[in-house]
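Number of protein chains: 4
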Amino acid sequence: MAGNSFGYLFKITTFGESHGKAIGVIIDGCPPNIEIDEQFIQSELDKRKPGQSKITTQRKESDVAQILSGVFEGKSTGTPIAIIIPNEDQRSKDYSHIAETFRPSHADYTYQQKYGIRDYRGGGRSSARETAARVAAGAVAKLFLKQMGIEIFAHVCAVGQLESPNLDTTDLANLLATREANIVRCADPATANEMIELIDGVRKAGDTIGGKIATVVRNVPVGLGEPVFDKLHADLGKAMLSINAVHGFEYGSGFEGSAMYGSEHNDIFVQEENKIRTRTNFSGGIQGGISNGMDISFRTAFKPVATIMRDQDSIDTSGNSTTVSGKGRHDPCVVPRAVIIVEAMTALVLADHFLRFKAYKNEQ
Amino acid sequence: MAGNSFGYLFKITTFGESHGKAIGVIIDGCPPNIEIDEQFIQSELDKRKPGQSKITTQRKESDVAQILSGVFEGKSTGTPIAIIIPNEDQRSKDYSHIAETFRPSHADYTYQQKYGIRDYRGGGRSSARETAARVAAGAVAKLFLKQMGIEIFAHVCAVGQLESPNLDTTDLANLLATREANIVRCADPATANEMIELIDGVRKAGDTIGGKIATVVRNVPVGLGEPVFDKLHADLGKAMLSINAVHGFEYGSGFEGSAMYGSEHNDIFVQEENKIRTRTNFSGGIQGGISNGMDISFRTAFKPVATIMRDQDSIDTSGNSTTVSGKGRHDPCVVPRAVIIVEAMTALVLADHFLRFKAYKNEQ
Amino acid sequence: MAGNSFGYLFKITTFGESHGKAIGVIIDGCPPNIEIDEQFIQSELDKRKPGQSKITTQRKESDVAQILSGVFEGKSTGTPIAIIIPNEDQRSKDYSHIAETFRPSHADYTYQQKYGIRDYRGGGRSSARETAARVAAGAVAKLFLKQMGIEIFAHVCAVGQLESPNLDTTDLANLLATREANIVRCADPATANEMIELIDGVRKAGDTIGGKIATVVRNVPVGLGEPVFDKLHADLGKAMLSINAVHGFEYGSGFEGSAMYGSEHNDIFVQEENKIRTRTNFSGGIQGGISNGMDISFRTAFKPVATIMRDQDSIDTSGNSTTVSGKGRHDPCVVPRAVIIVEAMTALVLADHFLRFKAYKNEQ
Amino acid sequence: MAGNSFGYLFKITTFGESHGKAIGVIIDGCPPNIEIDEQFIQSELDKRKPGQSKITTQRKESDVAQILSGVFEGKSTGTPIAIIIPNEDQRSKDYSHIAETFRPSHADYTYQQKYGIRDYRGGGRSSARETAARVAAGAVAKLFLKQMGIEIFAHVCAVGQLESPNLDTTDLANLLATREANIVRCADPATANEMIELIDGVRKAGDTIGGKIATVVRNVPVGLGEPVFDKLHADLGKAMLSINAVHGFEYGSGFEGSAMYGSEHNDIFVQEENKIRTRTNFSGGIQGGISNGMDISFRTAFKPVATIMRDQDSIDTSGNSTTVSGKGRHDPCVVPRAVIIVEAMTALVLADHFLRFKAYKNEQ
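Chains as they are written, first to last, in the numbering used here: chain F, 1 to 364; chain R, 1 to 364; chain U, 1 to 364; chain Y, 1 to 364.
Check each hint, because a few of them may be wrong.
When chains are identical, the list treats them as one kind, so a pair holds in a single copy or across two.
Stated by the list, open to error - Below, computed lysine-lysine pairings styled on DSSO-like, alpha-carbon distance capped at 27 Å: (1) Lys-361 <-> Lys-204; (2) Lys-361 <-> Lys-146; (3) Lys-21 <-> Lys-358; (4) Lys-327 <-> Lys-47; (5) Lys-358 <-> Lys-327; (6) Lys-327 <-> Lys-204; (7) Lys-93 <-> Lys-75; (8) Lys-146 <-> Lys-327; (9) Lys-146 <-> Lys-60; (10) Lys-60 <-> Lys-361; (11) Lys-21 <-> Lys-327; (12) Lys-60 <-> Lys-358; (13) Lys-358 <-> Lys-146; (14) Lys-361 <-> Lys-93; (15) Lys-75 <-> Lys-361; (16) Lys-361 <-> Lys-54; (17) Lys-358 <-> Lys-75; (18) Lys-47 <-> Lys-275; (19) Lys-275 <-> Lys-60; (20) Lys-204 <-> Lys-47; (21) Lys-47 <-> Lys-358; (22) Lys-54 <-> Lys-204; (23) Lys-54 <-> Lys-146; (24) Lys-60 <-> Lys-204.
Derived by calculation from the structure, the hints in this document are not laboratory data. Predicted model, so just to flag it, every value in this text is computed and none were measured.
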């Protein structure tokens, strides 16, 4: 199957290239009678759109979402919800130089080989612009999950070698406000300032830098996840790895856990206020691939964006040496804009798994 | 959908619990006319089976595979290949104590909540025994990929804090031999010895320890991977994360790459012997989610096995405090036996993506 | 899964309600480098659109298709092709009377029960308007199949009790021209005239009438179809049965064949001009669920449209008796407009099966 | 995708060839805590097995089902249920003559062309023996549906030109008993006798004959079916058409309905005992692709089995003329044994749609 769909029961299919007429998504499987708050969808898109600050790309897109179907008198009908986002600020001539060139660490070469044809303008389908459609769909998923009190919170926990300290996650709503109060979307204000300074310097140097996003999901019912292959963390991992520039995913104790002993790693069950909880949470809220009610936690690693404002050696489509100069308007660091994409993909995974859980729920 | 299938065109469905009659798999979509070497399949299973050394579980299973269908006169027919592996050495009474208990960091609690019924013996479906079925299927996938010269090599690159140095991967066949020459399956002999000593000590202490497995895939054709959601590394990540005890996945530069600059991270294209290659390979052989012909490299992190030979506090199924004592025969460290599972899942992802690539291949 | 997608490798997802902003489709899996002839797509839509003749509904829609993605310099890129068709001539007030009523033999009652919410205007998602999106996608499928010389021809073979004689199908292009030369789309001119007269009379009486469509597919390569469940005729059957008002599907000898003897029903193989053919074709071109190279033939039965211009007893949404009067502008007989939908669904099934065949094709 | 799976949430995958070691099925998605009555499963298989009467094939198979997984203490665990049925009475030498021949109207030619390799013994995977696995799975589906009071009843309504009169379907349990009291499984005893005589004569003449099966499903909840493509009747149609020898499917008024007028065809809603029903039921219990609570009714047409006990002209695998003589032990008429397969496939469709309905059920 061509891989432009995500999810089984809450399923999305996206379309659109960076310099085409529009990008968009069809959501098939949003249950009926969910209030579809269009302003909320737009506000989510605004968190992703280009031109939002000095440390992101200076391209301007209003990313205005239009709902074409599936909503009646403000509520989902249970029929497919189509959302389109017209493209506006395309400077296709900025890309004419790459029609015949393969930019290093971009998808130019692989797309050309795979398809034999490539819409080179703005990177075509390989452009991160496509993720706007995911954010729109993720917003609808969030509206669905809202009923259940599920909270999703992501923030930039690292830029380059700068890492924020572990957060006190007691009050996610408060962390969200703190995060949105700075342009790098880190929920630790001190680190945020250092990050902004770092990215600004990188931008002036015509370079780019990577980063990491940490996510917490709270109030997930016990029982989400479909072993043995569609374990909840496996689907979260696939979701994150499908985002442009992601090179790593870990949940709970992650890579650090591989260096630990079982005696220190095991999460002991305790009974608290008539609920079963664990004393520690190295499991990241997921055991045997199924949610156990504790906070789900995971981290996503982003490589530095490949488009840098410096000349680089490369090969052209005839195989000859050439030079690629960075042109266009690009992000020095993608993670501030990626936070909302990570949240969107998280919402999509949870919405899908919630419906799968609902189908099989043990009624006895 | 219940999550017991993996893959789209080369699709496997597994079944079986640890103490049930048998475990097994149906492979639907193995192309016809592939030579099905039953001895090879058995040899792969032998690399996973319990009781193989002092540093793995002492349970004895012969894990003998029987092919029930889909093979005629030694070749695949294009019809489903069913393989079953009878269970033998089950000591169900070793588990009677956990019928009413939730073992820490196991799937007991989540399975009980999700299904309302739990085959507690040996962990039932949540047991890693299920992975034997995957290894059998992965062996068939390897036989299919063999025709294309694709080589898959995985080894234990870390146990606890012990890490092997980076390997010279020029000769994968040689590394394979070195790996199989020690019981921890690390391709660096010096580190292997240290690892064996470490695990043996952990075992004697009644504890367990985590580790990491590094994988290389060579000679992958350019063009495998289906953006935007079924990117090759996203499916590899999901595959690895679906393996018991896995908590992290990274490919190419991985988490380290998130701390790098674009100017140092980009892989420059060069022309070598009429082939396009890259000077470095931080991309791990995948760009824009599509293979570019360079070695694919990734690492999988395993937490320490949750079953330890020590008493632990826990909760019983009525919510009362209880003590769980470790009984049964368990691995102190899972990674030596997991190497072949990682290779199997890798083969399954590649086989599936190869068929998808073949379906859409640009003929012009 | 919500059922708005069709196909596996050549997969479409449609959206849109009769009185919403637009209807449309995403095609995911159209191979790259196919010439996308927009005029052809529009001409196919014109064969379905309302207001085309006196014997179809008098609603006017221009059904203008806009391609939003997946096409570059006139060719498919291998990325998703999104096509939208804005809605124009909606008289929503024509439907205010059914907001609270269940029209007989419509989907009003079942949609209300299933979803708990219903866009009643124009029948919402249950309206046959949705099929315009399928015709657009089917047109793209036809462009793909054209390369292989596959010919698809459908025509109205019955209206009410009027049946056309069996056609001489030697020259399908000629039959197509004959079909398009009359407004009922029957390829036998004499029967066509009788049919037009019959439908016109039915229309004047404020009633509706059913009919049947016969389809022939020529030059299908041997080997399409995926036993045991995705047999070619099983997927054709599902495709046809998914079209509004379809109540029956038969292929080859169909229902008549059930009354025959094996000795008279078997198709004897003969060698002709270095090709294997059959002397008769009761198999309808499909044996064991796989195409054998002979013409594929099948028939689709349509019930009479449920919206009649007469008063009918019914129930309102509170369960009380009420009267439904037929309002709005409806088809007296749906089959003239359905011919192109049948062809479109046929093309979609064949395109999908062709790609699946290509994935598994035996290279030895 | 290779087509050996059926269903989405209640999903089965079958394997096995006629003369291989065994046939079988994995059911993935049977909800937990369903009582799995193994005797019931066996009794269903006994209704399909060969050698059951003088009017069916004289091959002897005990078709004993073994459950290998997914059941614990008599109940489903929610994990995959694997059932295998060993093959016993294979006379492979009966088939040596067809290793090089294409039997008329069999799948020999198409399988050879598609796969390039063919297990010719007993027809390999194309043999109707595969349906035993479906019956086993259908039995589990029936056990699941039993809780909801859903009743499925099928019977032979036609053999050749002999048609049973329409039944009084008030008491389905009684009809079932009547059906099982004769070897042709027709619920009208008079017609049954005529059918038996007809088939016996056909058998003696070394010929075969076709037939039809009528099915009724009662007590289906309102709301099953997933428009626009996975309409309930479309999935039923695909299910039936996937059964060997099926050439036609119709539901409700079927092909006859295509000759009717809307004024006579519409089903008028009435309120009866606080339930909404329809006065007539030309809709066959399904409107807009969704069940409306009335009896679902459909008919499936079977062509005459292709293996006849007479010489026939044919082609061998080198393209030369040859003669095929009917050897082996075959059914003169397949419908008495197919009744249980039709019920099984019906149960599988309903189980799958019930879970899909459950996932999306409107809670408000």
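Broken hints, by number
Those not satisfied are hints 1, 3, 5, 8, 9, 10, 12, 14, 16, 18, 19, 21, 23.
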